[in-house]
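S.K.: Here are the chains, one letter per residue:
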Amino acid sequence: MDVRAQISMVFHLDKCIGCHTCSIACKNIWTDRKGAEYQWWNNVETKPGTGYPTKWEDQDIYKGGWEKNDKSINLRGAGKKKSLLNIFHNPHLPVIDDYYEPFTYRYLDLIESPAMDDQPTARPVSLITGKPIDIKMGPNWDDDLSGTPDYARKDPNLRDLPPAVQEAMFQLERMAFFYLPRICNHCLNPACVASCPSGAIYKRGEDGIVLINQQVCRAWRMCVTACPYKKSYYNWHTGKSEKCILCYPRLEAGYAPACMHSCVGRIRYLGVLLYDADQIETAASEDTSKLVESQLNMLLDPNDPEVIKAAKASGISDSTIKSAQDSPTYRFVKEWGLALPLHPEFRTLPMLFYVPPLLPVMASLGVQDKEQGDKLDPIAKFWNDDWLYDTSTDNLWGTIEEARFPLKYMANLFTAGDEEKIKDVLKKLMAVRIHRRGVTVGDIPAEKVQKALSEAGLNAEMADSIYKLTSLAKFDDRFVIPPAHREQAIEMLEFTGDTKGSTGFGFRQKPERGL
Amino acid sequence: MQSPKIECQIKALHMKQMFSIIMWVLVVMPTCLSQESTDIADLFKIKCAICHTIGGGKLIGPDLSGVDQRHSRDWLVEFVRSSQKMINRGDPAAVALFEANNKIQMPDPMISDDQIQSILDHIEAQSGQAASGSEYVSILEGASPENRESGRRLFEGLHSFSNGGPSCLSCHNDISTYFFSENSYSNKDIRTSFSTLGEAGIKAILESPPFPVMRKAFEGRPLQEAEIHDLLVFLRDSGSANAHANPSSGYLLYGLGGTVLLLFLIAGLWIERKRTSVNHKIYKRQIRSAN
Ligand code: SF4
Ligand code: SF4
Chain A
46 MDVRAQISMV
56 FHLDKCIGCH
66 TCSIACKNIW
76 TDRKGAEYQW
86 WNNVETKPGT
96 GYPTKWEDQD
106 IYKGGWEKND
116 KSINLRGAGK
126 KKSLLNIFHN
136 PHLPVIDDYY
146 EPFTYRYLDL
156 IESPAMDDQP
166 TARPVSLITG
176 KPIDIKMGPN
186 WDDDLSGTPD
196 YARKDPNLRD
206 LPPAVQEAMF
216 QLERMAFFYL
226 PRICNHCLNP
236 ACVASCPSGA
246 IYKRGEDGIV
256 LINQQVCRAW
266 RMCVTACPYK
276 KSYYNWHTGK
286 SEKCILCYPR
296 LEAGYAPACM
306 HSCVGRIRYL
316 GVLLYDADQI
326 ETAASEDTSK
336 LVESQLNMLL
346 DPNDPEVIKA
356 AKASGISDST
366 IKSAQDSPTY
376 RFVKEWGLAL
386 PLHPEFRTLP
396 MLFYVPPLLP
406 VMASLGVQDK
416 EQGDKLDPIA
426 KFWNDDWLYD
436 TSTDNLWGTI
446 EEARFPLKYM
456 ANLFTAGDEE
466 KIKDVLKKLM
476 AVRIHRRGVT
486 VGDIPAEKVQ
496 KALSEAGLNA
506 EMADSIYKLT
516 SLAKFDDRFV
526 IPPAHREQAI
536 EMLEFTGDTK
546 GSTGFGFRQK
556 PERGL
Chain B
-8 MQSPKIECQI
2 KALHMKQMFS
12 IIMWVLVVMP
22 TCLSQESTDI
32 ADLFKIKCAI
42 CHTIGGGKLI
52 GPDLSGVDQR
62 HSRDWLVEFV
72 RSSQKMINRG
82 DPAAVALFEA
92 NNKIQMPDPM
102 ISDDQIQSIL
112 DHIEAQSGQA
122 ASGSEYVSIL
132 EGASPENRES
142 GRRLFEGLHS
152 FSNGGPSCLS
162 CHNDISTYFF
172 SENSYSNKDI
182 RTSFSTLGEA
192 GIKAILESPP
202 FPVMRKAFEG
212 RPLQEAEIHD
222 LLVFLRDSGS
232 ANAHANPSSG
242 YLLYGLGGTV
252 LLLFLIAGLW
262 IERKRTSVNH
272 KIYKRQIRSA
282 N
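For the protein sequence lines, the chains are A and B, in the order given. Per the working numbering, residue 46 is the first one in the first sequence, and the count goes up by one each step. Per the working numbering, residue -8 is the first one in the second sequence, and the count goes up by one each step.
All the pointers check out, no bait thrown in.
No farther apart than 16 Å at their CA atoms in a straight line, the calculated lysine to aspartate or glutamate pairs in the EDC-like style are these:
{"no.": "1", "chain 1": "A", "residue 1": "453", "chain 2": "A", "residue 2": "465"}
{"no.": "2", "chain 1": "B", "residue 1": "272", "chain 2": "A", "residue 2": "142"}
{"no.": "3", "chain 1": "B", "residue 1": "265", "chain 2": "A", "residue 2": "105"}
{"no.": "4", "chain 1": "B", "residue 1": "272", "chain 2": "A", "residue 2": "195"}
{"no.": "5", "chain 1": "B", "residue 1": "265", "chain 2": "A", "residue 2": "103"}
{"no.": "6", "chain 1": "B", "residue 1": "275", "chain 2": "A", "residue 2": "142"}
{"no.": "7", "chain 1": "A", "residue 1": "335", "chain 2": "A", "residue 2": "465"}
{"no.": "8", "chain 1": "A", "residue 1": "379", "chain 2": "A", "residue 2": "349"}
These are computed hints drawn from the structure, not numbers from a lab. It should be emphasised that the depicted structure is a prediction, and the values quoted were computed from it without experimental measurement.
The following block holds chain B by itself, in its conformation from the complex (with noise of 0.2 Å):
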């Protein structure tokens, strides 16, 4: 019979080449794959597509094609690893880019330097040849007023995606009703996005969410076609309705309102309070006779 001793020693052993396949499963295995060439495309089409073409026109961001003559190699490699950072840090080009772009921040990709220089190999390759994409051609032609109903119900989470995805309301303004809505949960403000943005780029967006908290949120549980439809009609009529609203001067008059009642109130409630210390006669003439 083995001692335990050795039992053990021998334990400890498994545990360590255990350890090492599982290190090599989880970091050599990927660098090798994404060497492969023929995957940058893939890659392209994961990170990048939902929102830049390479010569197919602007979607949310702009189009790629002939980006190298734009910026230097260097500049680029550091804006796609991180463009919060850049503008944060105040680079000229990079806040120009920012504000050119409706002020949407681009996500990190969460890619190694490698595979950024590949991409943007992939892009200056593609640059010479014909658009990528084609015109974009709006899905929106004779929705109805029901579609627009559902989009709103979609929206506020009255009626649930099919795929279980969370609702809309959740992170966002509620964009028909405007009332108090400077005062809610809301990530972005999405009033004005369908006349920023434009159809083609909401509708990008929805299909794959480019945004690290909203990927999460709908991973595995993507829109189907007929809600993305009517959540963009929705999103289209209401948006530019109330895009001009301006939420916070009601809000502002009913707490400024309010807080006079509540003062109002207070001072009947406590009409009969002790206002002043029983000594504070006393202390005035003192103070003066101080003087």
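Here chain A stands alone, though its shape is the one from the complex (with noise of 0.2 Å):
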């Protein structure tokens, strides 16, 4: 047993309200630079929908994450022998209108335009090239089904649904989206580290933080075509390649990432996980209907005294398996298995997890009047008197099943196709549910509450403290950040009675182009 520690985190998709601070947090900390305009560390996606860049999930274009061999696994569009072939033309690369042009707006043309007998306008200028553009395509285009037709209709998780249901989902009447905001997952089987011919990235021993080492990069961008997830983005301007850095300047000063520290729906989670990475390569070579559980196992229980012992010897230090053993993303990942990897199937064993939307599925729908109905425009909202919110039928989980979104369309996000899987994750949000509402408004009995606890696999105690992390954790309870030990390090490095009480800011080095 080889115990490692990693930051991991938890999104909690029921909670997120789409509103893209997240985003322009992270903007504002770290992309707002010439050449990173477009790159979006942190984005939220409206699902359905193509994603950013568009058509992301859509491997067979993208050529990214890892393919299963016979006993273990390949890059799908990079590694040794490929990159070496392509290495004047990298032919999966994406180019910027697959993400978009990022741009400005001549703001001065505002206040230097002469009287007019019309208002003056900002013209849209690229911010790549300074010239005027039209404005074809931006980082959330699709935002809450704009455009389905082009966007969330195409859908790369649309892929297996029958015609039929897809049909049904974009019924104007069944409408539903929900976010799926994306940060790089920190994997552990990253992609982009074993696809960069210059060894640039590297997965940190104390937290596993994926970092590109900028000194090091040279532009082969071999990491943009591998990451699955399209989370390393190329920087025109430095010549380098760029990805989240899970804002470790700030975990190592003891605060949050901006994305998550800003987060207005309170979504995120983070945390200590310890894994074996022995398990590594077999837990990523498993077949696809186990990678999920294969992916979990590798998580071992903090307060195990044989993992502790391990991982002593390992280095691991005690404040840090203190925080593992305090981890929100442990509790949701291993204890209540409420969270799941999104795209298990890419085989990078990402370690941000999804608290998959329960969604609207406590309303059933009644039998329509076909009488009445037929005599609609067929876009017309329909309404019939059996439509209600119905949390006391008998058939509780039959709502699941028939939920708006199809379980196809989740199992394909978030468990490789699975649907068994991300529904029994559904039947424990909706226990909790039942559960609280047996608490707070009673109108449930209780040996219905307690069925479906039981059948989730949850008690009371389990459910509340669900509850409680979910919807009343504060600051100190969402983000339980291990404490980097700066001192420890800095020491290590130099002697620190000799830069003692000396300051200064500005660049140790600067990063330069090319060798």
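Starting from two chains that each stand alone, build the complex the way the hints lay out.
M.R.: Structural data, given as structure tokens:
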């Protein structure tokens, strides 16, 4: 057992309100620079939708992630042989139009315009060429299902849904969507690291954050192709690739990453997970159906004396082990089994987990009046009297299976197509709601609550702590950041007495382009 | 004991004296010497006689006898100083001369205007007299194929010159294998040199190279007579054989063929590439509807 520590994240999708505050917080702090304008280390997508860059999930186009072979796995679009063959032309690299051409407006035109009959306009200009452009796309062009025919209907996750089901998803009265905020997953088996010919990308030993060394990067851009989540971006100005750094300077100082700190819906959780690094290869090479299970099996119980012993042997400090024991992510992912990795079939073992959205499954749709319905235009909203929120029917789980969002769609996102697994999680979420409704409103009989809980594999106590961590969690409950012990790290490298009391700012070394 | 300061001053004095002596040696002495009229004939020999005769007929450059009647003295001085400048400037007489003499540029002799004047005086004085050179007699009679082969080896550097001079191929086209010759690091294409300059001209160049770079290259390591002989045989035979071969046509064809081949290879290798942006269709439709 080779125990290592990983700072992992959980995003609770039921809570995301799609405000994009997280994206803006990240942009302001890290990517508001020339060459980085189009980089959204954090972005929020509407689902169904094609996301950013468009159709990033479709690996037939982008060739990201790993592919299973007989015994182990290969990078789909990169790796030694392919990189060498494509050394002068990387054939699956996204182009700027797959993202969007970043733009600003000539605001000065508004101020300097002479008096006219019409009000002046500020023309949009490209942030790449500086020339006026017609804006064609933005980082969340398909927000809230806008442009559905172009975007939502082309969602790669709809691929194995029957056409009738797809059609149903987009009917006006059934229309539903949810938000999917994304950052780099700081994977355990990162395709970006594996693909880099310069060895510029590395996973930090102490907390598993994946970083690109700007001094070593030689602009091969293999990571841009290899990352199936398209979370490594190429900066055309500096000639280096960049990616989410999980705000490691903030983490080292004990602050939560900017996106998490600013999250309005408080959907984000961060904490240490201990895992067994010996299992990485086998877990990533499992059959698709067992991928989620094998990934979760790698995560170790931080309270197990054996694990603690092994962790200490690997040099993990006591304070980190303590954070792992208090970690909210461990509870969501392992203890309660509520959070799932996004697209486990990419086999990078992502360390960002999502609590899937329950969506309004508590509404059951009544039988429609056929005769009346036929008189209406097909696109008209169709109401009838049976339509109500029914939370106390006998057929509790029926509503989950007939949810407004087909289970298959959710399964394509979070469990590599396994509907049972996603149903388990949704059942748990539902059971917690039923339990809390029983407690607060009291209109659900106790045995029904009990039945719901036990069928979901929960008990009242667990349901209450899930409820607490979901709805009432304070800042320190959501973010349990292990002390970085920078003092020790610095002392390993230099004698602190030399610089004690001296201050200053500026570049220590300016990154240079090319060789 | 002297103070260091005084010592310094004394040293400075020595330096000044030394400097003026050196300057005198460098500048004043040569001028005095060159004024000696007896040396003019030698100067003519060193600087001019390789390519020119006075009344002995054309070598590489024209016979200089009566040159002062053909051009004005001022024009001649300027031409000798730097013919290249005049040609570049488009002086009609200079260009005509250049054209008439196989477009071989006369190297700048690097001598003072006074020296040029004296040489011109010397030519004028000699012009009336009998021919300074006698008829050139070919030395290539009875040359064997072995001589030709040895000439080729010398030319291509397979055999070093006995005095250590660089092989011809360092600067000139390989005239026996003309295939990629357009692309070689050649200085002057000498495939047709033999026919244009003649045996006498080439022999003169090889014996005492007039061109600055070539002169420098063979300074202190002249070619042996036998070597010159073999080289002449080689130049005569292979030069005439390949004089009219067109090296660029084959090169171009191969180049074109190679390009097409490469393009196919590239197209094949990246046949599965991502050809357009995923948003291409959307943009196309948007632009169409905007119009
Ligand atoms: S999400 Fe992409 S960039 Fe981030 S660690 Fe995984 S493979 Fe690398
Ligand atoms: S800030 Fe939070 S609630 Fe808002 S979009 Fe981002 S993740 Fe969702």
